[in-house]
Amino acid sequence: MEKEHLGELEELILLLVVMLKEEAYGFAIRKALKDQANRTVTIGAVHGTVNRLEKKGFVESDMSDATEVRGGRRKRIFTVTASGKKALQKSQELKVSLWTQIPEFSLGNQ
Amino acid sequence: MKTLKSNKLSHRLLKLLCRKEYIEEILGDLAEYKEELASKPAWKRKLFYWFHVFNFLQPWALKNIDGSQKLNQYGMFKNYFKTSVRSLLKNKAFSGINILGLAMSLSLVVLMMLFLGEIYSFDDFHENRDNIYRVTSTEVRGNRGAVVKQATGSYFIADQLAQEVSGVGEVLVMTNTFTKLDIGTEDKAVPVDCYYAGSTFFNLFSFDLIKGNPNTVLSLPNQVVLTESVAYKLFGDQDPMGQLLTAEMSGYLQNGATAESDLKNGVVSGIVADPPVNSHLRFEALISLKTKERAIIERSLDHQTNPGYNSNLYVYLVLNEGVKPQQVEEAMFNSLKAFNTEREDNPLIHNLQSMSTFITSDTYHSAGPTFAKRKLLIMLALTLIVLLSACFNYTNLSLARALRRSKEVGVRKVIGASRFQVFCQFLVEAIVISSMALIIGIGLFLLIKPFFLSLPNPSARGFEMFELAISFEQVLYFFLLAILVGLLAGILPALFLSKIQTINAFKNSLQSKLPGKISVKNILIVFQFTMSIGLIMCAVLINDQYNYTLSYDLGYDTEDILTVEIQGDYVDVLANEYAKLSEVEAISKSGWVLGVGGDGLTAGMFFSEDRSARTLSLLNQIDDKYIPMHNIEILAGESFYEPLGRDVAAYNILVNEAFLKELGLGAPEEVLGQQVLYNGEKIRIRGVFKDAVSIGLTKKFLEPMVFIQTNSATDYKALNLKIASNDIMGMLTKLEEVYAKHDQIHPFNASYYEDSIAETYKAEKGTYTIISFLAIMAISISTLGLLGMVIFNTETRQKEISIRKVLGAGIGNLAVLLSKNFVLLILLAALIAIPITLEIVERQVLNSFWDRAPISMMETLSGFFIVLLIGLFTIAIQVQKAARANPINSLGSE
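Sequence order for the protein chains is V and G.
Under the working numbering, the letters of the first sequence match residues 1 to 110, in that order.
Under the working numbering, the letters of the second sequence match residues 1001 to 1894, in that order.
Since the hints were made in silico from the structure, they are not lab data.
You can take every hint at face value.
Distance condition first, Cα-Cα at most 30 Å in a straight line; then the derived DSSO-like pairs of lysine-lysine: (1) G:1413 / G:1078; (2) V:34 / G:1015; (3) G:1799 / G:1407; (4) G:1063 / V:55; (5) G:1211 / G:1044; (6) G:1046 / G:1034; (7) G:1046 / G:1008; (8) G:1008 / G:1044; (9) G:1020 / V:55; (10) G:1008 / V:31; (11) V:56 / G:1020; (12) G:1046 / V:34; (13) G:1046 / V:31; (14) G:1046 / G:1020; (15) G:1413 / G:1499; (16) G:1407 / G:1881; (17) V:34 / G:1034; (18) G:1580 / G:1722; (19) G:1373 / G:1765; (20) G:1149 / G:1290; (21) G:1020 / V:31; (22) G:1020 / V:21; (23) V:31 / G:1044; (24) G:1034 / G:1015; (25) G:1015 / V:31; (26) G:1625 / G:1734; (27) V:55 / G:1078; (28) G:1040 / V:34; (29) G:1063 / V:56; (30) G:1264 / G:1188; (31) G:1044 / V:34.
Selected chain V positions facing chain G (Cβ under 7 Å, derived; list incomplete): (32) 26; (33) 27; (34) 42; (35) 43; (36) 44; (37) 48; (38) 51; (39) 69; (40) 70.
Because the structure is a prediction, the values reported are computed rather than measured.
A virtual CB, placed ideally from N, CA and C, is assigned to each residue, including glycine.
Using the sequences plus the hints, can you model the full thing?
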């Protein structure tokens, strides 16, 4: 149970990994975080989080081909795993179920 | 350049600390981040970048410490740190002494590092810095065969370099000294320091040209590039480009006549940012060299083709990649062959000087700011010595206290600590102390920085050369340094303490096993005292010479004489108006101020009548009031006693004894009425005056001196006023008001003789201040060390002291007992320090003076006495404490 727990930043980043697909590597994720969620974090924080996600088995990674921008260095591209997807779904279900139990914020109003 | 450096540093740091599998993506992402930052200002760029770099140093990214005990290691270091802090707090006196001593020396080291960094970074804003060279000239000049080395070249060699020599890129010719012009518009003018510079100036150098085309701003006659600040002064917010300029020489003389400015109808062709502090060229305006060349052609001078016209021009060049300077030097040598055959045994030799050595060179004379390498090395050596001294304090105190901590080591070893672990523990302790010292040291540095920056440095030639600003990267280096210092100071005690065998640790037999109980410790103490004594002596000796020089009998009266600088032709009018003031007793005019010299100094070549002998002599234009006012002693003949008529040419001179000697003219009485040649004209010797200090005690390169009476107003650059007034401020204001009526361009510059003479010796004053400062540092550090040793000694011998007291010893006996050793050490230090210091001071400092202050016994022993006094005082306080303590307290607890 404990292993599957998703932190808030972890969840955001995991979602972004799914969204970015082929382009899901550290710096791009940081940029997406800034653009989409208006959150500025250090590159180190992004790396730390994806590495943690990898350890938990939610993402896998592969080195890409070398690029010129990065001084010939390769990128590490992350892809979400089945258990990662499951964790995301679970988290969403949990939130939806919580939302539905709060009548004051009735979802039906929309 | 800079970004590359920081890149490398951060890469190295990350590679060292981060796990291999992550390093590639980390560096890759950082590279992209760097691009994103490119639009931000430099300091922000650096700060953000480094913030991100450090952010990677988190547990997930860091390498594991190798070995089987990796977890344990981390814990151990934490533990070391904790015990270090505890032991620091437990021994507040000792920690305080150590930290304070190290902090003082580290503040000096920080200062030196920044200083070195700034010297090293001089001119680093030029893109071609590594390939820029300057032509230098070496030749023998004058009768005495003095070798003159100047950082100058000629039009001839510049043409050769540009056209005949392969491997040379851009070549630039420019004047090597400022032309002081009053540049302005119809309604206002400001004094401006200008260079005449060739059209390649902005191609070769990377000065920031804000407006104008770098290829053409200096390519036509009369083009002027102003610096931003001058442009603002003249035109305010108006667009300066294309504006017309007037120019007048700032009352400069050439062969007795006011020279006309070569620039007549100037046009502003460009605006350049003010040259940065770390530039060897500083200017307020640049005028196209064509302007000057046109004047040369009009006067049909041969400057442009004569290889011997080599004292007034800088020649810079860029070497193409891969070309060795030696090749070009050889080519220059060959192109001068024809010229040198005529000069026979006195060839002119051109060499190349690399841009990186412009600032530290003391071989070639240049007009820009310099900081001689020799001076730098001395400062560096002294800093290192002070640092070592502080490290020794730490080593000494720790060794001395080893006895007390042996039980701690014993317990650690019994529990299972290895020797290496104990070693690490003590090293960590030393590093903790040195890091704390660094933080205090940086604070101290900030305190002494303004004082240091305000020190006079005559070789800077009036420019500010240093800022001593700390950058973020440098702080990093400082901490590395602190760690290094910690290692240096802590290694000996750590080695010793870790060596203690468990079984001995609990016995009291350790005392005899202290390493070199006599030797090492005592050698370190003697070293410190030698330093302190030596530095104090240096300060005393230099100060003594300084005061001696100030109060030196110049050979003429200077009391109450105020000199006012004149730049223009209004001297007679001004003198008349000043004469009406009641405070002014007498007025005389002169070309320059005796005993001070400075920029206005003039000299000329004099020949004997048959042209068999010649001498370069100082030449001062004076009026008839000058000699009586200064009370200069006339040995033979008569002085000038009446004003020279309007149209009478000056054909009478007064000469000094040295002048007679140089020309071989004979005794003063015999030469009266004899004639000498000056400027091709015959001049009569009217009188002989006694040798007096002409320029200053440090600069007697020319001894012959001539006074000549003149009636040309522009010859006079100084008004000498004999003042009788108690209200100096009021008097100066009055003088200034009158002055301002006649000269609206130049500021009022007046000073008393004593003040201008003191100004002449500001270099010596600067040396004295630095040495005194270092002496205070050294003596504080060694006193701290001594204090530590004495505290330790009295504490460990408390029982012995108590027993002695019980048996009837008085405070006197105790004092002798406790101080005997130290006094012996100080005595030994004095024996070493005194002869060495005398020798060094003699060779390095005082030999530039040609009249020395006598060195008395008192000065020789000054350092010794001061150190002894401070030492005894320190000991006395401790003895007092020990002697007052109740014996029961220390004896009762057994």
